[in-house]
Amino acid sequence: MNKTAVVSSLLILIAVIVLIAHLSTTGLEFSRYNQEWNGTSKFFTMLEEVEARDLSSYSELNDEDNSLLLIISPQGPFTGEEAASIREFLGRGNTVFIADETREANPVLAWLGSDARVVPANISSVETGYADPRTVIAYPRGNDPLLANVPMVTLNRASAVSGGTPLLATTLFSWDDRDGDGKMSEDEPLSSFPVLAVESVSGGTLYVLADPSIFINGMVDTSGRDNGALIGNLLSGNRTVLVEQSHSRTAGADRVLSLALLAKDSMGIKIAALIVSVSIVLAAFFGRWTEEERWKHG
Amino acid sequence: MNRLSFFVLVLLSAAFLGLLAPYIAQPALYTLQDDPATSFHANPAALEQISQRRSAELESLMQGLLDSPQPVVLNVRIHDFEEAQRAFDEYKEKSRTFGNIVVSLELSKSAVGDFQRENRKNLAALERMINESARFAEINRLEIRYRSEDNPTLLYTLTYEGEAVQQALADASGELAGRKPEILDVSGKLGLNTTRYLEAVDILDEIVSESRQEQEVRAGNQPVINESSLMLAVTPASGRYGDALQVAGAYTFTRLAHVTLVLDGRDWKSLATNEGGVFTTPLPIGRIRAGDHVIFASSGPLYSNIVTFTVLPAETTITLETEPGETWDHVLCSGSLYAGKTPVRSAPVRIMVDDFLEQTVTVSDDGTYSAIVVLAEGGHTLRAVFDDPGYPLLPSSSGMQSVSVTPRANLSLVLLVGGGVLAGALIVAGWYPTRRRTPVPPLVPGEPARIPSVQTGLHKAPLSPIDVLIRYMELFEGKRWSEAAQVLYVSLRDRLARRAAPRLSRATTAREFAGIFSGTALSAPFRSFVARYEEIRYGASSLVKSDQLLAFWDAILSLIEEGRHE
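Chains as they are written, first to last, in the numbering used here: chain A, 1 to 298; chain B, 299 to 864.
Calculated directly from the structure, the hints in this document are not laboratory data. Relax, there's no trap hidden among the hints.
Below, computed lysine-lysine pairings styled on DSSO-like, alpha-carbon distance capped at 30 Å:
| id | chain 1 | residue 1 | chain 2 | residue 2 |
| --- | --- | --- | --- | --- |
| 1 | A | Lys183 | B | Lys478 |
| 2 | B | Lys843 | B | Lys777 |
| 3 | B | Lys419 | B | Lys487 |
| 4 | B | Lys639 | B | Lys567 |
| 5 | B | Lys407 | B | Lys419 |
| 6 | B | Lys407 | B | Lys487 |
| 7 | B | Lys478 | B | Lys390 |
| 8 | B | Lys419 | A | Lys183 |
| 9 | B | Lys392 | A | Lys183 |
| 10 | A | Lys183 | B | Lys487 |
| 11 | B | Lys407 | A | Lys183 |
| 12 | B | Lys487 | B | Lys392 |
| 13 | B | Lys390 | B | Lys407 |
| 14 | B | Lys419 | B | Lys390 |
| 15 | B | Lys478 | B | Lys392 |
| 16 | B | Lys419 | B | Lys478 |
| 17 | B | Lys407 | B | Lys392 |
| 18 | A | Lys183 | B | Lys390 |
Please work from the sequences and hints to get the whole structure.
Take a look at the structure:
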């Protein structure tokens with residue numbers, strides 16, 4: 001093979017790797033494939049460390065005991081069957097953790113017979129983690145294993161939770177910034193807003209957090225303090241961790257990435273890709289052989 | 299490269315171009331500012347990681363403010379007014395700190411802002427409470443003194459004053475007590491403990507009740523004054539700020555040389571009766587409390603009847619204007635204070651910045667005032683307030699003025715930089731002409747040209763005039779006018795260099811060089827020489843055969859030879 005061919009092959013190889021790397025990411029909110037600040041790739045790396053499993057079908061819940069189901073930023077309606085599966089899952093003493101700020105989890109919460117609801121709000125405070133009144137700091141308000149060694153949690157554009165037993169709440173110097181001006185107005189009274197609540201439902205434990213943003217790469221804290229401690233407590237214990245991937249925005253992938261994921265998961269496509277690859281290699285080999293023969297004889 | 303490789307290369311190139319195409323117009327592919335937030339969250343990396351944990355501080359301050367009146371009123375109750383004032387000053391300082399936090403956190407429109415406003419009113423009422431209580435205690439002391447001195451007239455007037463002060467005390471206490479529901483409401487919303495605040499309100503109520511009882515006892519013991527033949531009258535019986543009441547009296551038996559008028563228990567004025575035993579004096583209504591006042595006249599053992607007159611409260615109008623001061627953080631405040639059309643002379647006007655007292659200024663005789671306030675960077679609100687209860691005037695407040703102060707460039711820094719630039723420019727200006735100076739053509743053909751310099755001239759003997767002329771003629775023949783003129787000038791300079799050395803530098807021009815000899819015999823011919831020299835050197839003028847330049851040069855040389863250049 002001459003130098004030109006070697007250089008070309010290397011360039012093509014690098015280009016293919018770069019292209020694959022690029023196409024395997026996405027900018028979708030909360031997506032596990034999104035490595036930017038608003039993705040959850042870091043959190044999913046943590047989930048891999050605890051051998052968490054993806055839950056793509058709710059029928060898989062039927063046999064689970066001593067398990068935790070994470071539903072992070074759900075979207076789209078849950079079917080009655082799905083809600084029933086979650087209720088049965090709770091009925092076996094399991095734990096469900098729902099993190100939502102858009103109230104899309106409210107129908108399923110109602111289905112489960114829970115009193116907890118996500119109340120859309122633009123919680124702002126004088127107690128903030130960053131120079132932005134919407135990066136509100138919430139403090140523990142009750143005793144729960146989830147809050148062990150959690151002095152505070154920094155939220156990012158959180159909503160509020162009503163019902164249930166409040167576990168985390170903002171300080172009294174917080175308000176619902178309805179006009180979004182970052183300041184308190186006369187019709188925006190000061191109040192302490194619960195942001196995490198717990199409730200016993202059908203014998204299981206249901207947590208509702210009004211801010212899934214604590215799981216994004218920009219917020220996830222691997223130091224084990226504050227937010228990190230909360231996530232650490234959530235994933236600790238000898239229980240199976242299941243990550244909902246039917247409704248959660250964490251499963252988000254755009255078209256090209258979806259195709260790549262489909263190929264990754266489909267045996268037929270894998271075989272087809274293998275045949276195409278072998279064909280290309282063979283074609284290249286025979287092409288080279290033919291050229292060499294032509295050179296020898298010509 | 300075979301066809302397959304080429305195909306793959308084309309495919310990849312197309313893919314990369316397709317991916318990059320949307321960003322072709324953007325020089326920076328990604329910045330944090332492009333991606334500050336989404337509808338779900340803000341990008342923490344684009345935010346300053348400044349944790350603001352002010353809730354505990356705010357809560358503690360508010361609780362402190364709520365608890366602060368208690369030690370003040372406790373000290374008032376035991377008549378330790380010095381300690382009460384100290385506790386009050388602490389309270390005021392806490393309020394100021396709290397006010398700054400409320401402004402910086404933009405909480406003015408919240409329950410915290412309501413709390414701040416109520417607290418401020420409490421602060422003002424409490425200050426009045428301390429002052430009036432101290433005055434009431436003084437009246438009690440005076441009563442004992444006058445009783446021991448057996449001075450029924452002063453005891454009589456003291457009763458009136460005690461009534462007025464007790465009323466003011468009751469008003470201040472009533473104000474504080476009347477604000478209780480609002481304070482409890484706001485405190486309840488903010489989860490504050492109101493126990494000590496409620497205790498303070500109760501103690502105030504007790505203080506007022508006690509003072510009421512004391513005043514009633516005093517009124518019951520008010521002596522009866524026997525009227526003498528010394529008569530007194532005040533007309534009209536009431537007036538407002540700016541009016542002048544007329545006080546008139548008479549003692550018809552004899553001329554009294556010394557009559558003292560006693561106003562509200564204090565000596566006010568001394569005067570004498572005229573031949574007819576009559577005395578009059580105006581009583582201008584200025585800084586005197588609104589309400590009833592008593593006045594009587596005394597002269598030795600004689601006491602007049604006691605006259606009561608009323609000072610009615612009047613409306614006031616206060617204005618405020620702001621303009622930038624001399625430095626970026628100074629704001630010039632000016633305005634006026636009038637009661638109707640009457641300027642309120644010498645009245646204190648409080649300049650409030652962000653609703654907190656910044657400074658107190660005094661109104662001048664024409665009713666105007668001015669002050670310079672120093673503000674921190676940022677936006678502020680300014681207001682002028684007049685509410686001195688010592689005047690028979692109703693409080694007034696100017697409109698709110700919003701100002702924004704931003705740092706201007708530091709003047710000293712500007713001067714320093716400007717000075718540096720100027721110095722640099724001067725150095726360059728000095729260096730440039732020297733650098734540009736054309737080397738003098740060699741005086742002797744074949745000899746290398748030398749750069750004319752002071753040093754050279756000082757250390758080398760100047761060429762003889764003959765040599766200079768020869769070189770000049772050569773250059774003239776060659777039509778090198780400029781160089782020929784320079785040869786003449788340099789020859790003069792070399793001769794005169796020692797004389798001019800102290801004021802000579804490398805950058806000295808021909809004109810400056812000539813200026814060195816002003817006041818000497820050389821002055822006139824040298825000026826003419828330079829004028830012609832500059833025409834040739836810089837004005838592209840040509841030399842003629844018997845050019846004036848040569849004549850001036852010759853004249854200068856002659857004067858040098860004669861020694862008239864010293």
